[in-house]
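K.L.:
Listed here are the chains, written in short residue letters.
2 protein chains.
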Amino acid sequence: MTTQPKIGWIGPGIMGRPMCKHLMKAGFPLAIYARRPESAQELTDLGAKFYETPAALAANVDIVISMVSDTPDVEAVLLGRNGVIEGGKSGLLVVDMSTISPVTTREIATKLAEKGIRMLDAPVSGGDVGAIAATLTIMVGGNADDLAYARPALEVMGKTITHIGNHGAGQLAKACNQLIAAQTVIAVTEAFEMAKAANVDPAKIRAALLGGFAYSKVLELHGQRILDENFQPGFKAHLHNKDMHIVTDTIAAFGLNLPGTQRAADYMQALVDEGKGELDSSALAKIVQQKAKAI
Amino acid sequence: MTTQPKIGWIGPGIMGRPMCKHLMKAGFPLAIYARRPESAQELTDLGAKFYETPAALAANVDIVISMVSDTPDVEAVLLGRNGVIEGGKSGLLVVDMSTISPVTTREIATKLAEKGIRMLDAPVSGGDVGAIAATLTIMVGGNADDLAYARPALEVMGKTITHIGNHGAGQLAKACNQLIAAQTVIAVTEAFEMAKAANVDPAKIRAALLGGFAYSKVLELHGQRILDENFQPGFKAHLHNKDMHIVTDTIAAFGLNLPGTQRAADYMQALVDEGKGELDSSALAKIVQQKAKAI
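Heads up: the sequence lines are chains A and B, in that order. Heads up: the first sequence at position 252 corresponds to 252 in the working numbering, and the numbers run straight through without jumps. In the working numbering, each number is its position in the second sequence, counted from 1, plus 1000.
Source of the hints: derived by calculation from the structure; they are not laboratory data. There may be inaccurate statements among the hints.
[Unchecked claim] A few chain B positions that, by computed beta-carbon distances, are all more than 12 Å from chain A:
id	residue
1	Y1051
2	K1111
3	D1146
4	A1253
[Claimed, not checked] Covered stretches of chain B (in silico footprint by chain A; criterion: 3 or more residues with CB under 8 Å from a CB of chain A, positions within the stretch not fixed):
id	stretch
5	1165 to 1175
6	1182 to 1190
7	1200 to 1207
8	1280 to 1293
Even glycine gets a Cβ: it sits at the ideal position worked out from N, Cα and C.
Just chain A, with the same shape it has in the complex (with noise of 0.2 Å):
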């Protein structure tokens, strides 16, 4: 029986909580960090020992894994005041599992690895229910190496695990995933709308073409959602609209000019700026409405 890494968790938040159990239950040692120690309580009740600062929990374990909400919350927990970069030895690696910029994460990686601090990339997609039922689609950027060590411990929580590339490149496939999911959102409810202004019922389109090419899993599900105006999340709007801005700053760090991407990214923050953030990220279908009787 060979001995499994000390875990250490950043951030015990609505997805990081059921992680944490996965991980538990498999036998990984736990230790946690919580800005707001109460979100740990469930966990250190469990077990896991808790830890004043990110730098006290780094020097005490083997994997570091962060699960925050913003590019600034990793930045400050990494290499901020008693982050991860003071309390780390060298040698420990980090697995930022949040969804953040993939630029500021390869300058992040640069700046653990002066220390001698390892770092993967490892965003998800699956949501809460993918956390909980261990189903997340996980992506990695990253050394091989690196991967190869934390996989037991990723493969506990996800059911799909790829190596995209280096440094960075898990958020970019991240990235890539929101915004062809948005800019679907956007193709479909404009067919409905064609549809419903030539008198002609959107569920029989919907249900006609998920037979044919233009199927996807946005029709299919984000679809339903849209006929039945049914918004309950699912995924908040806010937060693909957070995850929409670092796909346009990531745009604009290369300099790149991406349209449809750039609509899409507009009207999700237009949906939060009508104070819609609450709903499922499908009533992004809403904006397409009012734009479609624009004129």
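Based on the hints, put chain B in the right spot on chain A.
P.N.:
For chain B alone, coordinates are given in the frame of chain A:
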């Protein structure tokens, strides 16, 4: 044994010829009209009777099926001089399997109805491959009774036959299919461009995303064509461009503003304007790639 209805076929082209053969094989008596009689040669050799005009054809059959290039062609063979309307008896059923304007389809159906001639619109997706394999998806608009009468013939040519709604609804569904497919090509290509700019292998992105929420047939099939830069048709860009004109005409007819669809139509026109109309329609990626570098 019931008597099969006599079928008169207008337009034995690259799609029509294999469809006619399936009908003949299934025992339907077949007659043909073709603007260029030589295109009917193969079928008359097999025993199909040739008529010199659509009117003469219509006078001698129970069902007329039209499979021609574009809206004006359908108007010409159905409503024009020596057209079906001049020869068809009351009770004749016209099944237009061409891809044309939903709005014009409604007008044609109204004019034919004044002479007691019934009509279904029944455009297909699946291309010449689907026509040969008899696996076409057939989207039908018109009356349910008329579809019931035509269904045995349609079942010989297609795998999925969906009754969408009244006259024009089949064409509307096909138009939705085309606008979603074109926009999805743009979304997928923009994702690939972002990956390439970040020095991440777009093939890895495609592979990872196939298992998740960004999945679409376009990502799977056109995505691979785009990665391979293999734009052998397939479904030619100039035909998709024709279909996008149907889409934009339909949008205009209903006073809709669908910016994503409009951009997809503009890009497809740009592709054809560059002389690339004979490539597969997934070559739309080339326009996305040009735009991506435009700043």
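K.L.:
Could you run down the list of hints and mark each one as holding or not?
P.N.:
Hints, verified against the model:
no.	hint	verdict
1	Y1051	holds, 33 Å
2	K1111	holds, 19 Å
3	D1146	holds, 17 Å
4	A1253	violated, 8 Å
5	1165 to 1175	holds (count 7)
6	1182 to 1190	holds (count 6)
7	1200 to 1207	holds (count 5)
8	1280 to 1293	holds (count 4)
Hint 4 alone, counting from the list given before, is not met by this structure.
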